[in-house]
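Asks: Here the protein sequences line up with chains A, B, C, D and E, keeping their order. The numbering of the first sequence is the numbering used here, which starts it at 66 and goes up by one. The numbering of the second sequence is the numbering used here, which starts it at 4 and goes up by one. The numbering of the third sequence is the numbering used here, which starts it at 839 and goes up by one. The numbering of the fourth sequence is the numbering used here, which starts it at 839 and goes up by one. The numbering of the fifth sequence is the numbering used here, which starts it at 396 and goes up by one.
The set of hints was computed from the structure by calculation and includes no laboratory data. Among the hints, a few may not be true.
Unchecked claim - If you only want the chain E side, here are some residues facing chain B, beta carbon under 10 Å, derived:
no., residue
1, Y412
2, L511
3, L514
Quantities reported herein were computed from a predicted structural model and do not represent experimental measurements. Backbone N, C-alpha and C fix where the C-beta goes; we use that ideal spot for every residue, glycine too.
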Amino acid sequence: EEITVMGYRGAFEENYVKAVIRPFEAAHPDIKVKYFGVQNAATSLGNMRAQKDAPAVNAVIYDLSVAKIASEEGLVEDIPLDKLPNYADLYDIGKDLDGKAIPLTYDTLSLIYNTRVYPTAPDSWEELWNKSNDGMVILPAQGGGDIQAILLTIVANRMAGEEDYKKNIRPGVEKLITVAPLVQTWEPKPDAYTLVADGTANISIGYNARSQFFFDSTEKRVSSVSPKEGTAAQINVISQIAKSPDAEATQTFINYAISPEAQANFAKAMFYAPTNSKTELDQETSARIPFTDPEKRKNLINVDWMAIGDLRETFLTAWRREIIPAGR
Amino acid sequence: MTAGVSARSTRWLILALLLPMAAVNLLAFILPMARLGMISLLESRAGGVLTDTFTLGNYISFFTDYFSYQLIWNSLVMSFIVTLGTLIAAYPIALFLHRVNPRWRNILFVITVSPLLVSSVVRTYGWMVILGNQGLVNGLLMQVGIVDSPIRLMNNTLGVYIGMIEILIPYMALALIAGFGRLDAVYEEAAATLGANAFVRFRRVILPLTMPGVLLGCLLVFVLAISSFITPKLLGGGRVFLLATEIYDQAVVQLAWTKAAATSVIVLVIFGLALALYSRQSRRYE
Amino acid sequence: MTYSPALGPSAVVEADPAFLSLSSVGKIYPNGYKAVVDLDIDVPQGQMLGLLGPSGCGKTTTLRMIAGLVPNTAGHIRVGGQDVSREPPHRRDMGLVFQSYALFPHMTVAENVAFGLEMRGISRRDARDQIEEALEMVRLPGLGSRKPRELSGGQQQRVSLARALVIRPRILLLDEPLSNLDAKLRDEMRVEIREIQKRLKITTLFVTHDQVEALTMCDLVGVMHGGKLAQLGSPEDIYERPNSLFVAEFVGRTNKFPARITGRDKIAIGSETFSADTRGRLSGDAVATVRPHRIALTPDRDRGIVSNQTNAVRGRVLRVTYIGDVIQYDLDIGGQELKVEHHTLSSGPRHVEGEMLMCEWAPADMFVYGDEA
Amino acid sequence: MTYSPALGPSAVVEADPAFLSLSSVGKIYPNGYKAVVDLDIDVPQGQMLGLLGPSGCGKTTTLRMIAGLVPNTAGHIRVGGQDVSREPPHRRDMGLVFQSYALFPHMTVAENVAFGLEMRGISRRDARDQIEEALEMVRLPGLGSRKPRELSGGQQQRVSLARALVIRPRILLLDEPLSNLDAKLRDEMRVEIREIQKRLKITTLFVTHDQVEALTMCDLVGVMHGGKLAQLGSPEDIYERPNSLFVAEFVGRTNKFPARITGRDKIAIGSETFSADTRGRLSGDAVATVRPHRIALTPDRDRGIVSNQTNAVRGRVLRVTYIGDVIQYDLDIGGQELKVEHHTLSSGPRHVEGEMLMCEWAPADMFVYGDEA
Amino acid sequence: MIGHMSLPLKIVVFLLYLFLLAPVLVVVPLSFSADSFLVFPPESWGIRWYRAMFQHEGLMQALKVSLWLGAVVTVLSLLIGVPAAYALKRFEFPGRDFLMSVFTAPLLLPSIVLGLAILLVFVQMRLLGSYTGLVIAHLIVTTPYVIRIMATAFSTLPPFVEEAATMLGASPLTVFRRITLPLMMPGFIASAALSFLMSFDEVVISLFVTGPNVRTLPVEIFDYVESRTDPMTAAVSVALILATLLVIVVLERTLGFSKAVGK
Ligand SMILES: Nc1ncnc2c1ncn2[C@@H]1O[C@H](COP(=O)(O)OP(=O)(O)OP(=O)(O)O)[C@@H](O)[C@H]1O
Ligand SMILES: Nc1ncnc2c1ncn2[C@@H]1O[C@H](COP(=O)(O)OP(=O)(O)OP(=O)(O)O)[C@@H](O)[C@H]1O
Ligand SMILES: NCCCCNCCCN
Ligand SMILES: [Mg+2]
Ligand SMILES: [Mg+2]
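Taking the hints into account, I'd like the entire structure generated from these sequences.
Replies: As structure tokens, this is what we get:
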């Protein structure tokens, strides 16, 4: 039997194949797993729509907010939870869609900084607003459509004193408008981590997992920190694609993917926070994943990804019309 | 035409010769354009799922959104400036090619249009290397000491202009060179003997005679500029919102096909207007 | 070689006998080619000089130097006594009609004609009358709103002439203006151009490689050869008294024989002897010419003696070619071929192949040149 | 209008007096334009017919119908008695020389010439001699390995001729083969083509709009006008006995006067009366013509009487134009302008403007036509 | 002298050429950088990124796809475009001008619109991300060029040579084989070269049509530039520029590049 898993390409693909798929195949010699790398979650959704009636892919790893759309369109299978014994051990965060989208990794929005500019880690988001960083700030926003932009809005909202982003994001938007003039680029090429590492910029927002990867590959020129005001998590989930063949094997794989073993392996490789509470990590790895710190977890802003879909337009509009233009 | 072929068999022959082309054209041009128009009139549910309901909603939401006008304005301004820029840059090149002796003309012509054969992605990458904070220009400027912190040459509209103008110069040059065919030195000489100095000769003879090429080049570059999104995406720093980048985002990132289709139709309308303007102007210079 | 009025009967002394004056003018092109060498030409005010010569002899170069379109590399070009050699073309005030007409394709006929007036600061409104007048002069009234491409070749030619004339230039320069027209139109335009030129009394230089054009239209004809002036004189000077074999052959058709000078005004061609002006030479090799239509053919009366009144030689008809207006006989005269052309007659004797005839011509019709060929 | 040998003196009766025969041939183009109407022409075997006429009169159309390149829409085209009207061109076995030569640019001269032989299954090796022979015939031996673009216009023309001749076609068709050549080369090629045609005794149709070409080269001349055959005959028939005003004007130069027929062989032009063949007509309006060089000018001897021997009228010289070989007088004869052309003489009387002269010509030189113009 | 070039014009033109060629020229030294990321001028030198390029599986796979695609598209473009051009130039029939405009319209149409429109149809026909889909999408880009070039070639065929061959006894088929075809050769070569280059270079439409398993080189490079700026892109660029130069040189040698690209 061969199943196909679709997911992010690049380093994610490399490490996922190494840390999860190969061990799985070793443990299940009868099942072969092929990995299809795609650009982003939206691409996955596009492919799922295109192959709606005859899917060539069995499972998909993507973002929870996109998973919501997919589930509404009936593109994913609702896996009976009894087929996934490991499901019960997962944290509650991101379980909104039950068997239709199983939390696979957590990641947190972090402050990315150049270690030469900041010999000691800045511990506040306010550092983005520091005038001495004029022109050296990067905010990857994709015109406001990026999850990082959404998360930063929510964080800024809290900083401005408004905890409930569903009710009102004006305070956050106003706050972000004041950072815009300092921003060098809203769409870093190739990515914020590289530009911070090579000195093109001093500071940025980004994900913890990727920054850890760059920390290792750039001789520690770039590092990340989870600031004291708290942060929010991004959640990757895995879904079984509706009408795809080999349901049994697919579910076997998904169950393995959320097992403590697989979670630990991948966390070690990529520094994504495990979703399985039973996962055991060594001290060194754990130290580099803020999510595993109970203290930090407490300070986490709880994002209702099921509501984001409806809010997205509001966020997007604010970014496009107010925040980004304010920086010109 | 050779005698002895009956009209009937000629008809079948013509049909057979045209059929494959017609099929490809139908499949990849006519049908897509029809579908584009149709989808722009369909309603979509949240997340971009298509329904079967017809609606003007996509257009209404486009035209009731202030941001749309911003997009149109940005696109028009950018295309206009880029067109003008390529014209100003390509005109001397075309004039030079027209006047240089034939031995040099061929090699210079090849140099002029050869960038066309280098992927625009590669050339945009080259501009990233040149214009970046750590790039060639800033490196030189800082080394010489003219500036002490990098000046921003990309991640803004300036970068997009520079890249777009450079990438589109060959197209403009091609059109101009074709248009320069009408320019014979004898007209300039005639003007001179009638008392026209160099400036008047340029304004009254050279320019009007090359106007058909200028107009064609402007149309070509305008259309290419208004539909380009790779260079704006790579050099714009997320600041440059254009119809083309919007279509790409809507279609590929947001998967909002109905919106993307409606935006595309708007681009087509602008394209049509440019075309109409072109044919009106070019008739004046025929 | 300056033209002196004494040489030709039709040269008229006008107000200024050297209104347009070229002295020692030369042109070496950047590639080193000597297109024009040491040219001396004076054109009297109001007269028309035809510059005649084979292709590549430097006619156009001469004209373009006068216009200022190419700089002369030697000598001086003067207009009304004033050296214009270093003036740019747009300040020389000359009208130039190009072989290709060079009408501005993007302007109407009226705009074309108006251009030169505009350059002189005359407003379009004031220019209107002058334009209409110029178009009337070339017999194209009312065509002002057409574009050049909507005109026939002859009409374009006229517009081009009107455009050059409307500014009343000091000098009119014409570069083979008729060579792109068909025969009929060429005949018409010849007469017209000459009439306008005479009426306006405009000093004109007319470049052509067509001898008929030069002979019929011009007061003076200059024959060029290899960048040099071979002969300058009235049309009759050139045709009736060519000063070189080149001119004799280039202007009009001619028979050409290798000859020996045997004495004062005596030459021998093969075994026959003839009278002809040897210009004082008493011996040596030479070339003799006689024009085909100057030879009379009479029945063979066995009168092969040379008198001072006439040259006569016996010939056998080799070929008879009927060309309508003209009949052409090729005769064998002692091994040489002699071409004779006569107008055809509806009645009267017609010679036939093989017939023996006496060929006679006046000594004045025979020219003798040094063995140049 | 079938040509009958009895009509002209130079028509020679050959093996087949109608080897190429067009009977009632017509062409209506798909757009409805009648390019050729009811054409009857017979060309005797081995002879050369010149098809002469103004532009657009249907010459090329006729030639292309014979070649089979356009189908004739009426009548029959026969070669050696056999109707070929429905044969495709590649089976008609005719050689066609195009005005633009139409040499294959991607083949060498030898390959061009070999092409027709190849089509006839002759191997390249066997063809070699024939090719070399054909190239020698057109005086281009040894140029076989050149590409057409490396040849001059005249050389290309010769290759084109060799290519058409090497296959020894039954009929040779030439469509203005000389019109792209310069005057000198044209003269040469005229003689050459005619000599080759005579040597090979190849039945030839030669299309031209140049009367000199038609008159000098051809055994027979057909004058076309508006898709119809105006006259067919020997060159002298056409020139000396034009059957219509159109032919009289188109072939050769002529004076043309409005006239009234006043009696048997008597006409009046203005107040003057003349003798001329009125072809039996006794009255009515007409047009009279006389060729400029057939008019003699004599001192005014007050002899304005019409005799049957000669026509004479008094005229005043309006204009004298010197053209080298020829001198042209425009005279006023009672309000009409009469053009007279004579060969120039070095000595003898030269008339001047204003002089009164007697103009005389033979009645046989005056033609009278119905008032067609 | 009139119609000649002044020194200021020469200087301006030199600077313009410098500007035009700058991005192409700058990648050459950069490709020999041994740095881990993009710094100009490079801090260390080497051929590290050339090696990386050949080891990059996605890139090599995409190169293969692009080469294959270019070849197939070129052959098909000629097979489809040449007969159409022949019919449009050699026969008179109603709607001829209309067809000519329809067939060449994609040439002028904004590619982003065309790309999206093709995506919308291909998603229904399941042609997305398939080789068939890519080939068809590229054909709509290349065939207009072929038709334009060949239409010009057919109408600039020296007049009457085909008739001359007929008169020498060649049947219609022989005329086509011996005269028409060889004389069209420059047109074929120009069409083929342009088709290949256009297909090999096409990125906008490909971006819409490529799928996870079928990616063309320009799309791969675009993704790469978007996600990484190490000097490998420079190495890839130099390789592509060299390949293009090779094509130009070969073209110039065989028929004159200017003729191939010019109208
Ligand atoms: N720009 C130039 N550079 C070099 N040589 C030139 C140039 N222009 C003309 N020549 C040469 O100078 C000679 C004279 O040229 P010109 O055009 O004056 O001849 P022409 O008498 O007008 O001939 P045609 O009757 O053919 O017009 C020719 O041999 C020509 O090749
Ligand atoms: N394919 C065609 N369709 C319609 N009319 C045509 C066609 N070919 C020629 N004609 C017309 O038929 C008439 C005769 O044309 P043809 O070419 O036979 O003239 P021609 O005597 O050879 O003239 P020229 O001396 O200019 O070559 C012309 O009026 C021409 O416009
Ligand atoms: N439909 C527009 C065609 C544009 C062709 N682009 C070619 C890109 C070469 N770099
Ligand atoms: Mg000249
Ligand atoms: Mg013709």
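Asks: For every hint, state whether the structure bears it out.
Replies: Against the structure, the hints come out as follows:
no.: 1; hint: Y412; in the structure: holds (7 Å)
no.: 2; hint: L511; in the structure: holds (5 Å)
no.: 3; hint: L514; in the structure: holds (7 Å)
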